[in-house]
Amino acid sequence: MRGLLTEKNIVVVLFFMVFVVFSLAEKETKKIEQLYNGGHTSIKNFPVVMPEAKAKTPTVLKSSDLSINIK
Numbered sequence: 086m087r088g089l090l091t092e093k094n095i096v097v098v099l100f101f102m103v104f105v106v107f108s109l110a111e112k113e114t115k116k117i118e119q120l121y122n123g124g125h126t127s128i129k130n131f132p133v134v135m136p137e138a139k140a141k142t143p144t145v146l147k148s149s150d151l152s153i154n155i156k
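Residue numbers 86 to 156, in the numbering used here, belong to the letters of the sequence shown in order.
Some hints could be false.
Cβ-Cβ distance ranges computed for the label pairs, FRET-style [said to hold, decoys possible]:
no., residue 1, residue 2, range
1, Lys115, Leu89, 32 to 38 Å
2, Lys116, Val145, 52 to 58 Å
3, Thr91, Gly123, 48 to 54 Å
4, Leu90, Leu120, 38 to 44 Å
No lab work stands behind these hints: they were computed from the structure.
In this text, a Cβ means the ideal position worked out from N, Cα and C, and glycines have one as well.
I would like the entire structure built from these sequences, with the hints used as guidance.
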């Protein structure tokens with residue numbers, strides 16, 4: 086009589102369990118993604134807004150701005 090808990094059977098059962106868990110996790114991830122995006126799942130639905138590039142002028146520190154007290 087063959088044993089029911091052979092190594093091969095345990096591997097098959099574990100593989101099936103992992104497959105089921107990952108498929109359920111993928112479905113839940115899609116639901117959460119739709120809630121987060123407000124129902125938009127496609128990138129082409131979002132308009133691209135480019136911020137205006139402004140050159141930053143460097144600031145010059147004066148010696149009075151530095152407050153280092155050396156004793």
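Hints versus structure:
1. Here the CB-CB span from Lys115 to Leu89 is close to 37 Å, well matched to the stated 32 to 38 Å.
2. Take Lys116 and Val145: their Cβ atoms lie about 55 Å apart, and the range 52 to 58 Å holds.
3. Between Thr91 and Gly123, the C-beta spacing of about 50 Å keeps the proposed range 48 to 54 Å intact.
4. Under the hint 38 to 44 Å, the C-beta atoms of Leu90 and Leu120, about 42 Å apart, fit the expected range.
Checked against the numbered hints given earlier, this structure breaks none of them.
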